[in-house]
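Generate the whole structure from the sequences, applying the supplied hints.
Be aware that the sequence shown starts at 97, since it is given in my numbering, and climbs by one per residue.
If you are wondering where the hints come from, they were derived from the structure by calculation, not from laboratory data.
Some hints could be false.
Said to hold, decoys possible - No farther apart than 30 Å at their CA atoms in a straight line, the calculated lysine-lysine pairs in the DSSO-like style are these:
(1) Lys387 with Lys422
(2) Lys387 with Lys347
(3) Lys370 with Lys380
(4) Lys131 with Lys370
(5) Lys211 with Lys370
(6) Lys337 with Lys422
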Amino acid sequence: MEKWQKNLKASLIDADELASYFHCDGESLSRVVDKYPMRISPHYLSLIQSPGDPIWRQCVPDIRELQEDGLLSDPLEEENLSPTPCIIHRYPDRVVFLATTSCAVYCRFCMRKRKVGCSSFEVQTEILEAAIRYIEETSAVRDVILSGGDPLLLSDDHLEYLLQRLRKISHVEIVRIGTRVPVTLPERITPKLCRMLKSYHPLFINTHFNHPLEVTSASSEACARLADAGIPLGNQTVLLKGVNDDLETMKRLMQKLLTIRVRPYYIHQMDMVKGTGHFRAEVKRGIEIMKGLRGHTSGLANPYYVIDAPGGKGKVPLLPDSVCFKEDTLLLRGYQGDTVEYPL
Numbered sequence: 097m098e099k100w101q102k103n104l105k106a107s108l109i110d111a112d113e114l115a116s117y118f119h120c121d122g123e124s125l126s127r128v129v130d131k132y133p134m135r136i137s138p139h140y141l142s143l144i145q146s147p148g149d150p151i152w153r154q155c156v157p158d159i160r161e162l163q164e165d166g167l168l169s170d171p172l173e174e175e176n177l178s179p180t181p182c183i184i185h186r187y188p189d190r191v192v193f194l195a196t197t198s199c200a201v202y203c204r205f206c207m208r209k210r211k212v213g214c215s216s217f218e219v220q221t222e223i224l225e226a227a228i229r230y231i232e233e234t235s236a237v238r239d240v241i242l243s244g245g246d247p248l249l250l251s252d253d254h255l256e257y258l259l260q261r262l263r264k265i266s267h268v269e270i271v272r273i274g275t276r277v278p279v280t281l282p283e284r285i286t287p288k289l290c291r292m293l294k295s296y297h298p299l300f301i302n303t304h305f306n307h308p309l310e311v312t313s314a315s316s317e318a319c320a321r322l323a324d325a326g327i328p329l330g331n332q333t334v335l336l337k338g339v340n341d342d343l344e345t346m347k348r349l350m351q352k353l354l355t356i357r358v359r360p361y362y363i364h365q366m367d368m369v370k371g372t373g374h375f376r377a378e379v380k381r382g383i384e385i386m387k388g389l390r391g392h393t394s395g396l397a398n399p400y401y402v403i404d405a406p407g408g409k410g411k412v413p414l415l416p417d418s419v420c421f422k423e424d425t426l427l428l429r430g431y432q433g434d435t436v437e438y439p440l
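Written as structure tokens, this is what we have:
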């Protein structure tokens, strides 16, 4: 067993243990964990400075997750866009391949809260094979995004098997990996892993830093190893109320990402996922942050601010001074020309 696997096994998953560690309400924690699993890796746990801080909010269960907030478990209709289990085919030329339901940390704002960390959704071998067959048989697919869960929690051999299979498909031109491991389990980014990944270019990685406190010496080293392997690194941040919904925090995060060779790619408006309503900042706040970034820091530090439109209509970029408001509703136009009303 490798060091990263031992550390993952040592993660905090028990509500009572967490309660004793921080002297907080174990009963409330247990009620949430019974529905939405908890896992906090030793590294990410070490980043918590005090209860309620930006790291705590992202990983520690909150009783508000159980509130009936009127939101949906699958607002992006991923299940309806799934021609076979583990594949989401929303856009014509690319698919999301859900290779696992495990993560090193189960983020409390997760867009796939309905299935990530749940044993009933574990990905079996036959399901993975069916997903690969779908890609093989769908010639329009030129871009495959390995996601989950976190695909870098797969063993090196398992991950390489998937990459080998995908690389044998003539119409698949690029592979992308979406991972939060550089943030939550940086020791997973081993020299051995990087040597293996280097064999499967063109390969891109998008990671997921949400706060400057997550840019540590360990996460910086992990990103350096990936960059040195020739892998372009991007970052997708989620706009989170009480975590990063202020200009100075977001600006500092974007600037620090560039220092570790990670290009800011997206700031996501929170998806309207059941159990995450307490994380949703107002769209107007996100636009104010974008206005504060433009011209006030390097253009390289200016990502796209996007909403993933409900109903599976795809990502819509929001640009300051080019957004249409209708009373308490935002009007979004998707890439297919549809107009979608989005509540503010």
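Verification of the hints:
1. Lys387 with Lys422: Since the Cα atoms of Lys387 and Lys422 sit roughly 21 Å apart, the hinted pair holds (cutoff 30 Å).
2. Lys387 with Lys347: Holds: Lys387 and Lys347 sit about 11 Å apart, inside 30 Å.
3. Lys370 with Lys380: Roughly 21 Å between the alpha carbons, so the hint for Lys370 and Lys380 holds.
4. Lys131 with Lys370: holds (12 Å)
5. Lys211 with Lys370: holds (12 Å)
6. Lys337 with Lys422: holds (23 Å)
In this structure, none of the earlier numbered hints is contradicted; all agree with it.
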